[in-house]
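These are the residues of each chain, in order.
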Amino acid sequence: MPDSALLEISNLHVTFAVGRRRIPAVQGVSLSLRSGGVLGLVGESGCGKSVTSLAVMALLEKDTASVEGSVRLEERELIGLPYKEMNRLRGSRMSMVFQEPMTCLNPVLTIGQQIEEVLQVHQNLTKRGARDLCVRMLAKVGLPDPERVAKSYPHRLSGGQRQRAMIASALCCKPVLLIADEPTTALDVTVQSQVLALLQELQSELGTAILFISHDLGVIAQMADRVAVMYAGRVVEQGSTAELYANPLHPYTRGLLASRTRLDDLGSSAGRRLPSIQGNVPSPDQLPEGCSFGPRCQYCDGRCQRGMPELTDEGEGHLVRCIRAREIA
Amino acid sequence: MVKYVLKRILVAVPVFFGITFCVFALVMSMPGDPFSGMLDPSMTAEYKRRLLEQYGLNDPFLVQYGKWLVRVIHGDLGYSTAYKSRVLDIIGARIGNTALLGGVSLIISTLIGIPAGVSVAMRRNSLLDAGMTIFCFFGVSVPAFFMGMLLILLFGMTLKWLPISGMVVAGANNVGVAYALDVARHMVMPAIVLSLLNVASFMRYTRSSVIDVLSQDYIRTARSNGIPRRSLVSRHILKNALIPIITVVSLQIPSMLSGALLTETVFVWPGVGQLNYQAVLNRDYQLIMGIVLVLALVTLLVNIIADICYAVVDPRIRYS
Numbered sequence: 001m002p003d004s005a006l007l008e009i010s011n012l013h014v015t016f017a018v019g020r021r022r023i024p025a026v027q028g029v030s031l032s033l034r035s036g037g038v039l040g041l042v043g044e045s046g047c048g049k050s051v052t053s054l055a056v057m058a059l060l061e062k063d064t065a066s067v068e069g070s071v072r073l074e075e076r077e078l079i080g081l082p083y084k085e086m087n088r089l090r091g092s093r094m095s096m097v098f099q100e101p102m103t104c105l106n107p108v109l110t111i112g113q114q115i116e117e118v119l120q121v122h123q124n125l126t127k128r129g130a131r132d133l134c135v136r137m138l139a140k141v142g143l144p145d146p147e148r149v150a151k152s153y154p155h156r157l158s159g160g161q162r163q164r165a166m167i168a169s170a171l172c173c174k175p176v177l178l179i180a181d182e183p184t185t186a187l188d189v190t191v192q193s194q195v196l197a198l199l200q201e202l203q204s205e206l207g208t209a210i211l212f213i214s215h216d217l218g219v220i221a222q223m224a225d226r227v228a229v230m231y232a233g234r235v236v237e238q239g240s241t242a243e244l245y246a247n248p249l250h251p252y253t254r255g256l257l258a259s260r261t262r263l264d265d266l267g268s269s270a271g272r273r274l275p276s277i278q279g280n281v282p283s284p285d286q287l288p289e290g291c292s293f294g295p296r297c298q299y300c301d302g303r304c305q306r307g308m309p310e311l312t313d314e315g316e317g318h319l320v321r322c323i324r325a326r327e328i329a
Numbered sequence: 001m002v003k004y005v006l007k008r009i010l011v012a013v014p015v016f017f018g019i020t021f022c023v024f025a026l027v028m029s030m031p032g033d034p035f036s037g038m039l040d041p042s043m044t045a046e047y048k049r050r051l052l053e054q055y056g057l058n059d060p061f062l063v064q065y066g067k068w069l070v071r072v073i074h075g076d077l078g079y080s081t082a083y084k085s086r087v088l089d090i091i092g093a094r095i096g097n098t099a100l101l102g103g104v105s106l107i108i109s110t111l112i113g114i115p116a117g118v119s120v121a122m123r124r125n126s127l128l129d130a131g132m133t134i135f136c137f138f139g140v141s142v143p144a145f146f147m148g149m150l151l152i153l154l155f156g157m158t159l160k161w162l163p164i165s166g167m168v169v170a171g172a173n174n175v176g177v178a179y180a181l182d183v184a185r186h187m188v189m190p191a192i193v194l195s196l197l198n199v200a201s202f203m204r205y206t207r208s209s210v211i212d213v214l215s216q217d218y219i220r221t222a223r224s225n226g227i228p229r230r231s232l233v234s235r236h237i238l239k240n241a242l243i244p245i246i247t248v249v250s251l252q253i254p255s256m257l258s259g260a261l262l263t264e265t266v267f268v269w270p271g272v273g274q275l276n277y278q279a280v281l282n283r284d285y286q287l288i289m290g291i292v293l294v295l296a297l298v299t300l301l302v303n304i305i306a307d308i309c310y311a312v313v314d315p316r317i318r319y320s
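From first to last, the protein sequence lines are chains S and Y. Residues 1 to 329, numbered by this note's numbering, are exactly what the first sequence covers, in order. Residues 1 to 320, numbered by this note's numbering, are exactly what the second sequence covers, in order.
The shape of chain S in the complex, shown without the other chains (with noise of 0.2 Å):
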């Protein structure tokens, strides 16, 4: 790990209180991201990566949902932190953009509203000076016509531009940290690749550091730098995205990996099924004993069913969450 990290989550617990039952949701997650660094996080729905990151952005409940570990953005620790020093760090220091860019832009006010709304509160701007600055990053995000996207309502947008407007309400104040929470899953597969190319050209032009969450291989691989695969609430696999998609040591990933489809295959592998992981993945609240990605592991016996495996590295910052991982390899 490098010291001087941006983003240090580490031994992260959250657990949600549902009626009388503690539903544990993200089980001592530690991740870090160096500055300017994109990490990517993988899993199946349901595993806990946007958990997670709601947790780094204190966006969860406070009444069902309890919070443990540390956060240190910048060396400051998050967790525990006041509300108005959060808010004040939220949106200028670090910001995020979500999945579903229909949903996420308020109906009632306008694109311009919204955006200046966010630089006023974090920047001593006047309307002016935060319209005009509102204007050249619509333009900077390839809205055509910024002037008129400004005065726009969201319905008025389509999906792909609602994105765009996203990541630039989101990038407006230059954060360090940009959390994208599966931004392109919602889109068209030709909008994907226009907003991935978009987040990247953003991201080199102005050194932000991202945590990248899809369930999407082929988006992580083009996106990020580092990989951590969490399964079940827990990060099962870290490394580098170019040793990790060479070589995967963990039985989950090797599953996500070969269930992947690929063009060059088609014709070869005409009507050949795609490979997939049997089974679903366990509910948080019905984690079986042991490794949790035990009943759906073809190697799993009875040493895995003792207790859940620690992450170890195995060399160059690879960790694996598995202990017959050198067996198998």
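Accuracy of the hints is not assured; some may be wrong.
[Stated by the list, open to error] No farther apart than 35 Å at their CA atoms in a straight line, the calculated lysine-lysine pairs in the DSBU-like style are these: (1) K239/Y x K174/S; (2) K84/S x K127/S; (3) K84/S x K239/Y; (4) K67/Y x K84/Y; (5) K3/Y x K67/Y; (6) K239/Y x K7/Y; (7) K62/S x K84/S; (8) K174/S x K151/S; (9) K127/S x K62/S; (10) K174/S x K84/S; (11) K48/Y x K67/Y; (12) K84/S x K151/S; (13) K3/Y x K151/S; (14) K7/Y x K151/S; (15) K140/S x K84/S; (16) K127/S x K239/Y; (17) K239/Y x K62/S; (18) K140/S x K239/Y; (19) K140/S x K151/S; (20) K127/S x K151/S; (21) K48/Y x K84/Y; (22) K239/Y x K151/S; (23) K7/Y x K67/Y; (24) K174/S x K140/S; (25) K62/S x K174/S; (26) K3/Y x K127/S; (27) K127/S x K174/S.
Quick caveat, the hints were computed from the structure, so don't treat them as lab data.
Please arrange chain Y on chain S, whose structure you already have, making use of the hints.
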């Protein structure tokens, strides 16, 4: 926007004729006639038939409705058989009193109900929320006449703080500020009774509307951008939550005019609600139709205003 408003007004015209037609039909199908209660019982059937004939009450239904409509278009609402006076004058003398009481209650209940609803929604499941929920059930469950009598007993009879009936002290002949104060003192109790139900229902509707908005993705976006709480509530939440609230408030306005009947009766407030009740008892066809006409106009007007408010608040309605 102008086109939108014009369209709403045009739609209101056939609705207006529909309402008057239906009510006219209902009024005419009531048993009895305007003269059965007021004339000498020894009156001959022949004389009564002549009277009915003279007032056009034996004409076919459609002819009667047509005649009424023609008179209304000329600004003549007819003549009240019971009050021996022009319907327009009777209603005119009373509508102001009802509007005053209803308007004050509406302002009070909006000013209390909506902010209270927002604040309990923001503190959902707290002790305050639970307390207010109980209050709201109380508010909508206690009948207006019972609440009115309780207040009269407490403030009028036991504590002797407030006058128990009427609009002014009889024979006081106050003018200016003294008159206004006199009316205000008489209005306290009926206004409380009328407001109680509305505060409760406005609060409940606001609460659920705000809670619904709170769970929307765009509120999470606003929070992720560090929007301060004050602006979060007033700009991001309230403007969205307002749409269903406009509906509820606009539905309450006509019912405050017509439904104030019990409150007006208990406190002997000389308003339209009380008049309406008397008119029905007297089979005073012209007066009933006059009141219905006024109420229908108010209802339609309020609906048009509500439609305009929707468009002001929600751009999706404005542009569609």
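Hints versus structure:
Between K239/Y and K174/S, the direct Cα distance comes to roughly 29 Å. Compliance with the 35 Å bound is thereby established for this hinted pair. At most 35 Å may separate the alpha-carbon atoms for a hinted pair to count; K84/S and K127/S meet this at roughly 23 Å. A C-alpha spacing of about 23 Å is found between K84/S and K239/Y, which places the hinted pair at or below 35 Å, so the restraint holds. Using a Cα cut-off of 35 Å, the hinted pair K67/Y and K84/Y holds, with the two alpha carbons roughly 20 Å apart.
Pair hint K3/Y plus K67/Y holds up; C-alpha atoms about 34 Å apart against a cutoff of 35 Å. The straight-line distance between the Cα atoms of K239/Y and K7/Y is roughly 24 Å, inside the 35 Å bound, and the hint therefore holds. The hinted pair formed by K62/S and K84/S meets the criterion: a straight-line CA distance of about 15 Å does not exceed 35 Å. Taken as a hint, the K174/S and K151/S pair is honoured in the structure, with Cα atoms around 22 Å apart against an allowance of 35 Å.
Restraint check: the Cα-Cα separation between K127/S and K62/S comes to about 34 Å, which is no more than 35 Å; the hinted pair holds. For the given pair, K174/S sits about 20 Å from K84/S by alpha-carbon distance, which is consistent with the 35 Å threshold. For the suggested pair K48/Y and K67/Y, the alpha carbons sit about 21 Å apart, so the restraint of at most 35 Å is met. Taken as a hint, the K84/S and K151/S pair is honoured in the structure, with Cα atoms around 30 Å apart against an allowance of 35 Å.
Only pairs whose Cα atoms come within 35 Å are accepted, and K3/Y paired with K151/S is accepted, the gap being roughly 21 Å. Note on K7/Y and K151/S: the hinted pairing holds, with a Cα-Cα distance of about 26 Å set against a maximum of 35 Å. A hinted pair counts as satisfied when its Cα atoms are at most 35 Å apart, and K140/S with K84/S qualifies at roughly 30 Å. This hinted pair checks out: K127/S and K239/Y have alpha carbons roughly 21 Å apart, not beyond 35 Å.
Annotation: proposed proximity of K239/Y to K62/S holds, straight-line Cα distance about 25 Å (limit 35 Å). Proximity of K140/S to K239/Y is assessed by CA-CA distance (about 30 Å); at most 35 Å being required, the pair is judged to hold. With a CA separation close to 17 Å, the supplied pair K140/S and K151/S stays within the 35 Å bound. For a cut-off of 35 Å, the pair hint linking K127/S to K151/S stands: about 14 Å separates their Cα positions.
Simply put, K48/Y and K84/Y have alpha-carbon atoms about 18 Å apart, close enough for the 35 Å limit, and the pair holds. About 18 Å separates the Cα atoms of K239/Y and K151/S, which keeps this hinted pair within 35 Å; it holds. Between K7/Y and K67/Y the CA atoms are separated by roughly 29 Å; this keeps the pair inside 35 Å, and the hint holds. For the hint linking K174/S to K140/S, the alpha-carbon distance of about 13 Å falls within 35 Å, and the restraint holds.
Under the criterion of a C-alpha separation no larger than 35 Å, the hint pairing K62/S with K174/S is consistent with the structure, at around 28 Å. A threshold of 35 Å between alpha carbons decides the hint, and for K3/Y with K127/S the separation of about 32 Å falls inside it, so the pair holds. Our distance criterion of 35 Å between C-alpha atoms is met by K127/S and K174/S, whose separation comes to about 19 Å.
In summary, this structure violates none of the numbered hints.
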